[in-house]
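Protein chains in written order, with the working numbering: chain U, 1 to 219; chain W, 1 to 219; chain H, 1 to 229; chain C, 1 to 229.
For the record, the hints were derived by calculation from the structure and aren't laboratory data. A hint or two may mislead.
Quick list of in silico lysine-lysine cross-link-like pairs, DSSO-like style, CA-CA up to 27 Å [said to hold, decoys possible]: (1) W:Lys124 to W:Lys188; (2) U:Lys125 to C:Lys77; (3) U:Lys140 to C:Lys150; (4) H:Lys149 to W:Lys124; (5) U:Lys113 to C:Lys77; (6) W:Lys16 to W:Lys124; (7) W:Lys158 to W:Lys19; (8) W:Lys158 to W:Lys141; (9) U:Lys216 to U:Lys3; (10) U:Lys158 to C:Lys168; (11) U:Lys141 to U:Lys124; (12) W:Lys203 to W:Lys158; (13) W:Lys19 to C:Lys100; (14) C:Lys100 to C:Lys40; (15) W:Lys203 to W:Lys19; (16) H:Lys150 to C:Lys77; (17) W:Lys124 to W:Lys141; (18) H:Lys149 to C:Lys40; (19) H:Lys150 to U:Lys141; (20) H:Lys150 to W:Lys124; (21) C:Lys149 to U:Lys158; (22) W:Lys113 to H:Lys100; (23) W:Lys140 to W:Lys203; (24) H:Lys137 to W:Lys124; (25) H:Lys149 to U:Lys19; (26) H:Lys150 to W:Lys141; (27) W:Lys16 to W:Lys125; (28) W:Lys3 to W:Lys216; (29) U:Lys151 to U:Lys140; (30) W:Lys19 to W:Lys141; (31) C:Lys168 to H:Lys149; (32) C:Lys40 to U:Lys124.
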Amino acid sequence: MDKENIKSYIVARAAKELKDGDVVNLGIGMPTMIPSFLPENVRVTVQAENGLMGVVPCTEESLEHSLYSVDAGATPVKVAPGGCYFDSTVSFGLIRGGHVDVTVLGALEVDEKGNLSNWIIPGKKLPGMGGAMDLVVGAKKVIVTMEHTQKGEPKILKNCRLPLTALNCVDLIITEMGVIEVTEEGLKLVEINPEYTPEQVQKATEARLIISENLKPMV
Amino acid sequence: MDKENIKSYIVARAAKELKDGDVVNLGIGMPTMIPSFLPENVRVTVQAENGLMGVVPCTEESLEHSLYSVDAGATPVKVAPGGCYFDSTVSFGLIRGGHVDVTVLGALEVDEKGNLSNWIIPGKKLPGMGGAMDLVVGAKKVIVTMEHTQKGEPKILKNCRLPLTALNCVDLIITEMGVIEVTEEGLKLVEINPEYTPEQVQKATEARLIISENLKPMV
Amino acid sequence: MAKFISVEEAVAMIPDGASIMVGGFMGCRNPHKIIDALSKSGKGNFTMICNDGAKPAGPTGEEYYGVAKLIHNHQVKHLVATHVGLNPEVGEQMNDGSMKVDLIPQGSFAEMIRAGGAGLGGVLTPTGVGTIIEDNKEFTHSVQEIDGKKYLLMRPIRADFALISGFKVDRVGNVWYKGATRNFALAMATAADVVIVEADNIVETGEIEPENVMTPGVIVDYVVDGGSI
Amino acid sequence: MAKFISVEEAVAMIPDGASIMVGGFMGCRNPHKIIDALSKSGKGNFTMICNDGAKPAGPTGEEYYGVAKLIHNHQVKHLVATHVGLNPEVGEQMNDGSMKVDLIPQGSFAEMIRAGGAGLGGVLTPTGVGTIIEDNKEFTHSVQEIDGKKYLLMRPIRADFALISGFKVDRVGNVWYKGATRNFALAMATAADVVIVEADNIVETGEIEPENVMTPGVIVDYVVDGGSI
């Protein structure tokens with residue numbers, strides 16, 4: 001699979017995790033692509049942490065949206081009918097208070113305890129955490145979508161080495177190789193891309209994987 | 001002075017404490033009467049802690065106001081042009097955060113440290129503190145208006161005996177006998193009703209009064 | 001997205017012994033239809049979290065106004081409020097031991113409910129320092145000194161149900177409150193497991209401008225048509 | 001009640017070394033006229049408390065958008081923000097030691113400013129527990145365990161000035177924000193000694209319905225006419 005195919009493959013699988021009626025927060029990059037992969041009978045409400053509920057893309061070029069309605073990634077958006085705007089204290093009250101069902105976001109590293117690192121590479125890159133630390137602590141379910149490795153190096157580790165975003169926060173990891181649940185016992189490979197063997201997935205993963213007795217093909 | 005005259009006398013004096021542009025919160029009873037005693041060039045904004053800014057009385061009988069716009073004493077009111085409504089968390093954020101310049105309220109007891117008791121008489125009367133505890137802690141200036149004694153017994157004490165509303169919160173006490181400042185040194189009588197002598201005021205007061213060198217007639 | 005139900009369905013959901021937050025102030029915009037039906041339901045043992053005990057006489061001739069109905073019927077075993085002076089039955093039931101009453105400063109009350117709905121560990125407020133509020137361990141966690149100043153750490157408050165009255169409610173459950181009736185509504189809607197809004201007016205989606213929505217429909221579970229007033 | 005002043009008068013009020021909260025998000029509805037004038041003022045050594053460092057290119061052809069102008073001009077000695085990834089100059093100035101940067105989780109940031117304006121002793125949040133946020137003693141007071149769960153006690157934040165952009169501002173200073181631009185505005189307006197609002201539209205009092213006022217005019221000190229956009 002090329003880069004674009006990998007992305008679509010991961011996003012299509014992540015879309016299956018969302019249920020009709022869910023309130024979801026979608027990180028920059030792959031997560032933002034999820035809504036276009038949802039079947040018609042699954043309608044979700046997208047929250048943006050800077051104060052929007054019911055976010056939909058702007059199809060038209062509009063200076064007005066650039067000036068008054070951007071999402072957390074500074075992309076001009078609008079709200080769907082029934083959506084609304086509110087301030088940041090309300091928005092993060094909803095996030096921290098468990099009123100967001102699912103948050104999907106990228107990661108630099110995830111480890112076998114469900115620890116997540118995704119906001120800083122000391123000395124190299126300092127994007128900042130924005131709303132990510134609140135989202136992964138507050139959302140009912142936290143899904144990480146990412147490529148399985150970075151330049152061939154594992155990103156799913158025994159222990160995160162980069163500064164953490166939060167402890168024990170990740171529920172599910174979706175990569176182009178498979179779907180991994182974070183369980184009490186450790187990381188459990190529950191679905192696998194039929195192009196790979198479990199051994200290949202383990203080889204690309206630093207943390208030990210428990211292979212589900214019920215391992216299914218990832219589709 | 002009869003009961004009504006005493007009230008007007010106290011309220012008229014209290015009105016002089018308010019400055020043009022002040023945001024004020026006025027307790028039930030005498031404090032509510034203050035706005036009608038203000039000169040034309042002193043315009044204040046009255047806040048009600050249940051979520052109104054710019055409260056003015058309803059002159060007309062109106063079911064709509066009873067149903068949708070009451071003040072903290074359950075009296076139907078409205079907001080003046082430029083006034084607004086907000087929720088209780090915002091309202092008390094403004095109060096606690098020092099955005100109310102003056103609060104004027106009644107008291108059961110005040111003592112020489114500026115402690116205040118005005119919300120409960122154990123075993124007898126349990127109105128509750130409502131917003132009073134927040135108001136006296138948060139407002140920049142706290143003025144107590146009350147009759148000097150209750151059935152001949154002093155209400156200005158060495159130490160409050162009833163459960164406190166707050167510690168060290170009162171700035172000024174206005175009664176029909178005089179005006180008393182709460183200072184580091186104790187209670188200082190700064191104005192006196194010409195009908196009384198300082199000795200008479202002290203006699204009606206349990207706490208020791210410092211008589212101001214600059215004692216003025218109360219008008 | 002909110003589901004539209006009848007007042008009977010709303011009341012049927014609320015079991016004996018439930019903890020219930022009720023919006024409104026001194027009876028003004030308690031959700032009167034739901035409270036009225038609840039007062040006739042025969043259910044009780046409720047913990048009510050509500051600014052006050054309302055008052056006996058309502059502005060349209062009610063003998064008991066709003067939550068005062070439930071108190072009069074002895075359906076409330078525990079009232080958590082800020083002011084109960086307008087309803088003499090609260091003091092009576094407290095004195096005869098039939099109802100427990102906890103009084104909390106109004107600003108703390110609002111903020112504790114907000115904290116319960118916003119995932120915060122509590123509220124650090126200067127309000128109540130040095131008073132008997134410090135002794136109420138059910139609601140006051142501790143006294144803390146932070147950088148030389150004392151604060152009470154007040155606990156978050158949550159409930160099984162929030163019953164709220166809204167002036168305009170649209171088809172997805174977005175709420176707009178009229179006048180001074182907003183009070184604790186948004187905080188309560190975040191802090192209860194089941195949120196039921198009684199709508200004075202059900203309006204088409206879009207009628208409330210997106211900026212002016214005061215409680216987002218995504219946190220409203222059920223809407224009851226309050227009918228014309 | 002707010003006083004209406006010119007952008008020059010607004011900038012004249014702000015001294016070298018001031019701490020300044022700025023509303024907006026990634027440059028969107030930073031108060032652009034005031035920031036632009038401030039960027040040409042020659043003043044500096046500012047502590048900026050602002051969600052982000054904005055970004056180089058603005059949507060109407062600006063070379064630097066909003067607060068990015070002040071950063072580009074090296075007028076900021078300390079930036080307190082939640083995300084600075086869109087403005088590469090922040091990282092550069094941080095690495096060459098010319099600007100101090102503190103990063104705070106966005107939800108904590110909002111709540112800390114709110115606490116600063118609402119007289120609360122701090123914010124008890126689960127966000128940041130177990131991360132390096134714990135080590136930033138300037139903004140994190142302590143780690144506390146409350147009823148078995150860990151929280152960070154984050155300190156309140158206040159500033160000398162709050163600079164905010166409002167879509168509609170009436171004659172007494174009441175503000176209504178359009179779309180997603182409300183963000184930190186109300187919290188900041190409570191947490192700064194001097195609050196200056198740049199109005200996209202100055203409207204007659206009454207045009208904003210009393211219920212829909214988002215920042216009460218009583219906490220707005222000054223209004224600057226932002227003129228047509």
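Evaluated hints:
Distance check on the hinted pair: lysine 124 (chain W) and lysine 188 (chain W) sit about 32 Å apart at the alpha-carbon level, beyond 27 Å; violated. Note on lysine 125 (chain U) and lysine 77 (chain C): the hinted pairing holds, with a Cα-Cα distance of about 20 Å set against a maximum of 27 Å. For the given pair, lysine 140 (chain U) sits about 18 Å from lysine 150 (chain C) by alpha-carbon distance, which is consistent with the 27 Å threshold. Pair hint lysine 149 (chain H) plus lysine 124 (chain W) does not hold up; C-alpha atoms about 34 Å apart against a cutoff of 27 Å.
The suggested pairing of lysine 113 (chain U) with lysine 77 (chain C) is violated, with an alpha-carbon distance near 39 Å, which exceeds 27 Å. Pair hint lysine 16 (chain W) plus lysine 124 (chain W) does not hold up; C-alpha atoms about 35 Å apart against a cutoff of 27 Å. Among the hinted pairs, lysine 158 (chain W) with lysine 19 (chain W) is inconsistent with the structure: their alpha-carbon atoms are about 31 Å apart, more than 27 Å. Pair hint lysine 158 (chain W) plus lysine 141 (chain W) holds up; C-alpha atoms about 22 Å apart against a cutoff of 27 Å.
The hinted pair formed by lysine 216 (chain U) and lysine 3 (chain U) meets the criterion: a straight-line CA distance of about 24 Å does not exceed 27 Å. Between lysine 158 (chain U) and lysine 168 (chain C), the direct Cα distance comes to roughly 53 Å. Violation of the 27 Å bound is thereby established for this hinted pair. This hinted pair does not check out: lysine 141 (chain U) and lysine 124 (chain U) have alpha carbons roughly 30 Å apart, beyond 27 Å. As the CA atoms of lysine 203 (chain W) and lysine 158 (chain W) are separated by approximately 13 Å, the hinted pair is consistent with the 27 Å bound.
As the CA atoms of lysine 19 (chain W) and lysine 100 (chain C) are separated by approximately 42 Å, the hinted pair breaks the 27 Å bound. For the suggested pair lysine 100 (chain C) and lysine 40 (chain C), the alpha carbons sit about 22 Å apart, so the restraint of at most 27 Å is met. Taking the CA atoms of lysine 203 (chain W) and lysine 19 (chain W), the gap is near 33 Å; set against the 27 Å cutoff, the hint is violated. Under the criterion of a C-alpha separation no larger than 27 Å, the hint pairing lysine 150 (chain H) with lysine 77 (chain C) is inconsistent with the structure, at around 33 Å.
Note on lysine 124 (chain W) and lysine 141 (chain W): the hinted pairing is violated, with a Cα-Cα distance of about 30 Å set against a maximum of 27 Å. Taken as a hint, the lysine 149 (chain H) and lysine 40 (chain C) pair is broken in the structure, with Cα atoms around 41 Å apart against an allowance of 27 Å. About 38 Å separates the Cα atoms of lysine 150 (chain H) and lysine 141 (chain U), which puts this hinted pair outside 27 Å; it is violated. In summary, the hint linking lysine 150 (chain H) to lysine 124 (chain W) is not supported, as the alpha carbons are separated by about 30 Å, beyond the 27 Å threshold.
About 25 Å separates the Cα atoms of lysine 149 (chain C) and lysine 158 (chain U), which keeps this hinted pair within 27 Å; it holds. With a C-alpha separation of about 33 Å, the suggested pair lysine 113 (chain W) and lysine 100 (chain H) falls outside the 27 Å cut-off, and the hint is violated. A C-alpha spacing of about 31 Å is found between lysine 140 (chain W) and lysine 203 (chain W), which places the hinted pair above 27 Å, so the restraint is violated. Between lysine 137 (chain H) and lysine 124 (chain W) the CA atoms are separated by roughly 23 Å; this keeps the pair inside 27 Å, and the hint holds.
For the suggested pair lysine 149 (chain H) and lysine 19 (chain U), the alpha carbons sit about 48 Å apart, so the restraint of at most 27 Å is broken. Under the criterion of a C-alpha separation no larger than 27 Å, the hint pairing lysine 150 (chain H) with lysine 141 (chain W) is consistent with the structure, at around 20 Å. With a CA separation close to 32 Å, the supplied pair lysine 16 (chain W) and lysine 125 (chain W) exceeds the 27 Å bound. The hinted pair formed by lysine 3 (chain W) and lysine 216 (chain W) meets the criterion: a straight-line CA distance of about 24 Å does not exceed 27 Å.
Proximity of lysine 151 (chain U) to lysine 140 (chain U) is assessed by CA-CA distance (about 32 Å); at most 27 Å being required, the pair is judged violated. With a C-alpha separation of about 12 Å, the suggested pair lysine 19 (chain W) and lysine 141 (chain W) falls inside the 27 Å cut-off, and the hint holds. Proposed proximity of lysine 168 (chain C) and lysine 149 (chain H) is contradicted: the alpha carbons are some 39 Å apart, above 27 Å. Using a Cα cut-off of 27 Å, the hinted pair lysine 40 (chain C) and lysine 124 (chain U) is violated, with the two alpha carbons roughly 31 Å apart.
In summary, the structure is inconsistent with hints 1, 4, 5, 6, 7, 10, 11, 13, 15, 16, 17, 18, 19, 20, 22, 23, 25, 27, 29, 31 and 32 from the numbered list given earlier, while agreeing with the others.
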